[in-house]
Amino acid sequence: MTKKLLSGDEAVAQGAWEAGCHVAAAYPGTPSTEVLEALSTYKDVYCEWSTNEKVALEVALGASISGARAMAAMKHVGLNVAADPLFSAAYIGARAGLVIVTADDPGLHSSQNEQDNRFYGLMAKVPVICPSDSQEAKDFTRRAFDVSEEFDIPVILRLTTRSAHSSSVVELGERQARPVKGYEKQATRNVCLPAFFKVRHVDLEQRLDRVRAWNEGCDLNRIETGSRQLGIISDGVAYQYAREVFPDASFLKLGMVWPFPQELVRRFAGTVDELVVIEEVDLFIETQVRALHPSSVTGHPSPITGKDKLPRTDELSPRVLRSSLSSFLTPQSSLLSPQSSVFNLPNRPPALCPGCPHTGLYWALQKQKLIVSGDIGCYTLGALPPHAVMETCVDMGASITVAHGMDKALGESEPRRRVALIGDSTFFHSGITGLINTVYNQSNIITIISDNRTTGMTGHQNHPGTGQTLMGKVGHVIKPEEIAKACGIKNVVVVDPYKVKETRKTVRELLSKDEPAVIINRRACALHVRLQNPPYKVDPDKCNGCKTCITLGCPALSWERVQGFTGSRVQASEPEPQNPRTPEPHSSVPSRGKALITETLCVGCGMCADLCAQEAISQSPSSPAPRPSPRTGGAR
Amino acid sequence: MNILVCGVGGQGVILFSNIISDLALTAGLDVKKSEVHGMAQRGGSVTSHIRYAPKVYSPLIEEGTADIIVAFEMMEALRYIHFLNPKGRLIYDTHRIDPLPVSIGAVERPTDEWLQEQLTTRVGKPATVPENGDRTAANSMSRPGGLPPFSASAGTPATSHLVRVPAFQMALRLGNARVQNTVMLGAISCFLEFPEDAYHQAISRLVKPKVVDLNLKAFSEGRTLCSKT
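In order, the protein sequence lines correspond to chains A and B.
Quick note on numbering: the numbering used here labels position 127 of the first sequence as 127, and the sequence is numbered without any gaps.
Quick note on numbering: the numbering used here labels position 121 of the second sequence as 121, and the sequence is numbered without any gaps.
The hints are simulated quantities; they were obtained by calculation from the structure and are not laboratory data.
Using N, Cα and C, we set each Cβ at its ideal position, and we do this for glycine too.
Treat each hint with caution, since some may be false.
Unchecked claim - Residues from chain B that face chain A, not an exhaustive set, calculated with beta carbons under 7 Å: (1) M1; (2) H37; (3) S45; (4) L78; (5) R79; (6) P101.
Between the sequences and the hints, there should be enough to build the whole structure, so can you do that?
Put into structure tokens, the structure is as follows:
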């Protein structure tokens, strides 16, 4: 048996391939992106980056209706976008296995919220399966397809950041032959007319009941008998943490958390003295367990422990369990090691990369009379200093619609122009309908599409604007400026953010005109298309310390005290700070200082040189220095 | 074995972790490796948790239980030092990458001395890995009033739990700063049980073909740096 180290996402792809999946669609979103990236490397499966998650789920549903096993993958908030087809898909059922992968993000590592998508199972009436490591991610994906097809119902496979992005050992299997069954006309199933779906709803409840009965005895759930004193019910990666911290306890590990296996839980609860429910973020299992206990009606104190002790926010970890549930631990194991101090160091927030085209745009937008509503992507970092120009960010596509709403509310009472800022991939995802709305309902906003020719933040996936598909086919390149013109925007201009001053001039001109406009800020992502230019250098004799270049927010540029300045990176000699994090606002920084470029970080984009009025920044005559890439470094 | 690897997005933390995990898998052990991709990597602080044993449950290392911390950047070493087992070992590069709030002058930069002092207080005196050959080149890059010149007087890797490795400087000397991670791999190899040959195989398997030789050289330099003291 071949064993391989796979991430949860990669294991889901392996499982889908083994299960005979024929069609898979996704919109990239951390931590789910690698599912389709991995699956697209297998033969026999059609894979695509859909324009958004709703599209992806509908594509998968169309395939399932055609009798082909199909999968849609997305991050947790992507399922909000795909919620509409999800609810219909439950009514329609699954002629061939239909699996929806959602990767939740407890801890908000790379997301706007910590929503718990197990609740979608409850509301949309579909089974929810939660693997706890990569082996289970693969096995449960296979089972999800089987359950879906056997019970004629779509299945949600729910990962979290830790199960999706942790790697563990997986035994690989072979691909099952699951030929495409072919399409059959069945209007009462597939057409959501009220008359049809009133009947279909009754059928859905019966299907769900059948899954519930099956889940009472299925092997996706298991009891691990340990000490009678403590019984733990858990799911997903929380189970792994709990197993680590409570090695002697009895466990009911739930693999399928919905429909809820009530009898199994009753049986387990009867074998232990105390019951603890350990799950991340929301009370999904705990609510179901409490509903089974008489105390939920009588009000008697319940011997069930859960979110009364465990946090409802942020992800769990062994240490969180150890501190929250210390009363269940022996004194020896309550704390493995003495608490050591956590140092108060300067934060290292994510930052836009050297050469990032968004930085030039942000500089052009600084200190102008405008209010920028933003969107989801790397450029959301434009809300942070030194850019600090983005003022709202809600969800994918909301930049344009929120700016429109602000425009309608504020009218001429507010002199600052309403500006929407959206990335290219996000524009195709859900910006276009908003742009049409601004034309139809006549608002006077400026929409900036920062087009870096890729889906940057999730790791450079193609999209309609690149014309290349996930399967490697080259097709028509859809241009945002053509869409804008087709929508009825008359002022459409394309700028190059590397020409920072020119970009700023264009922005100013359009701001002064009393009519809507679309600006395409076009330059390839500096990580995706690597510049081969020599790095730039600051001439300390010419630099007057005006800090204009520093306000670009390029990580290769830094500000050094003038004292001891020699042109290379040096530290002013000064007493050691008692608290190294003492904030020092710009104004209090001694004005005597110079800009400095870290050569190993500079990619030679020239934006800082374009801005420097002293002409103190120039390109080194030498060939490009060997340097680590700003992010994806290491030799690979 | 619990190994926490930390650094800055772009330093090759993830490739480093992939190689260690691959070695453990090849040795027939259960392995879990956990890291976060996406926004967290945009020049931000990056960690990877590697755990291997006959059976591993949690993919995350608990605070205070890391047997080894490998830090590619000195401030990051201090940021995650609370993960170290009191008997654990810290292998770190003295290289510094300033975070944006520092480089734009909004926040004070902790000095090398201050960082060094905190690390020493927590872990003990460093076993300093001497520079191989041209010492002046390395010192000319360090800050005035920065770290004392490299010397092996403070101890040896076998006795000290604080191991300082000038991996970035070595990588520059090898002509490519991106092999800093492989120099660090050579350094940690002195403290792990896998045979040297296994590293060579893992590097050849996981690194792009055209840079395999450079990485093997970097590994060898890192290993020599650590075993010489």
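Against the structure, the hints come out as follows:
no.	hint	verdict
1	M1	15 Å, violated
2	H37	6 Å, holds
3	S45	4 Å, holds
4	L78	5 Å, holds
5	R79	5 Å, holds
6	P101	6 Å, holds
Comparing the model with each earlier hint shows a violation of hint 1 alone; every other hint is respected.
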